[in-house]
Structure formats: C-alpha cells, structure tokens
Amino acid sequence: MENSGGIQASLSGRYATALFELARESNSLPQMEASLATVRQALDESADFKALTTSPLVARGAAAAAVAGVAKSLKLDSITAKFLGVLAENRRLSQLPAIIGAFRALAAAHRGEVTAQVASAHPLTADQVEALKQQLRTRIGRDVSVDLAVDPSLLGGLVVKIGSQMIDSSIKTRLNSLANAMKG
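Take the sequence shown: its position 39, counting from 1, is numbered 38 in numbering that gives the first Met the number 0, and each next residue is one higher.
Please note: incorrect hints may appear among the correct ones.
Simulated pairs of lysine-lysine, DSSO-like, Cα-Cα distance not exceeding 30 Å [claimed, not checked]:
1) K81 x K49
2) K49 x K171
3) K49 x K74
4) K171 x K132
5) K71 x K49
6) K160 x K182
7) K132 x K160
8) K71 x K81
9) K171 x K160
10) K171 x K182
11) K49 x K160
By construction, these hints were calculated from the structure, which means they are not laboratory data. Quick caveat, the model's predicted, so the values are computed rather than measured.
With these hints in hand, go ahead and build the complete structure from the sequences.
Right, dumping it as structure tokens:
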C-alpha cells in the first residue's frame, strides 16, 4: 500500500499490515474491522483481559488458551481468533492496541479516509462525534474516521491529531498557556 510505509516500519505495523492483507485477500475487511473494534472495546472495559495482554508472567500456552476463550466468548471471526493466538504464541499481545490502531489506519487509507485520534475529557455522544466528523471533513476535504479516547486530565475540550497536525482546544492547555503568560 502506498500509505503504509511508515506503518510497516514498526513491529505492530508489520503485524497490522499482514492482518490487513489477509483480510483484504479474503474479502473480510468489514468483518475484521468489527472484530478488532470488539477486541479494542474488551481491552478498554475488562481489566482482566488487559492484564492478560500486558503481563509477562502469563505463559505462552496459558495466554493462547485464554485468548481462544475470549475470542469464543466475544464471537470473533476465525481469522481474528487465529491472529490473537499467533500474538499469544509470539508473546506480542502487549502490542495489541498498537496493532489495532495501525490496522484501522490501513483500512481507513484503503477507503480513502483520514483517521483522526480524538481525546476528550468525557465520552462523546454519537451526535457530538458526527458533528466533529462533519467539521473535520469540511476542514480537510476528505472523509474522516475517528479513533476516540477519554483523557480526564484534559479537564474539558478536545485534542485532535490527524497525521502530523494537532488541534488542541483542551482546557488543560488553555490553563497552561494562561499560567505561562502570567509568569512573564
């Protein structure tokens, strides 16, 4: 892919690229994206699953068995389930969030979209996400997919990253700017 040069340079990027190519060749890209979104949500919501993916104390076999059980309970497609097993066997489960992010970027580029990483102090509603997408689409001139994260330290507002551009309208940054202006 033309936009994947930077992504392929990292370990997580190589795994994401391999998974993306497999999904594309098997015409299962939408299903793969849905499965990875489910995995990402499980990582965010389950402390046990997150601990499984980040703990170096879990043996390869135990991690592979646990991941197979998680894949079954989440009703993931067979390719994603096998991929998680490969990650467990290769002791790369800790790279899962980065792999999912790189996969989403590859899929978005394949669709001609730009991916925006958006951090907010509080979870955004569906209407807010759609309004944000529309504003970004107007500003950039391309369709935008949004990767949401919640960062309570922002206090309010948003931080949006698109490629090398960053739009920071957080209260935290405004307060820091005000503090610096008052110093001198």
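*Hints the structure violates: just list their numbers, smallest first.*
Structure breaks no hint.
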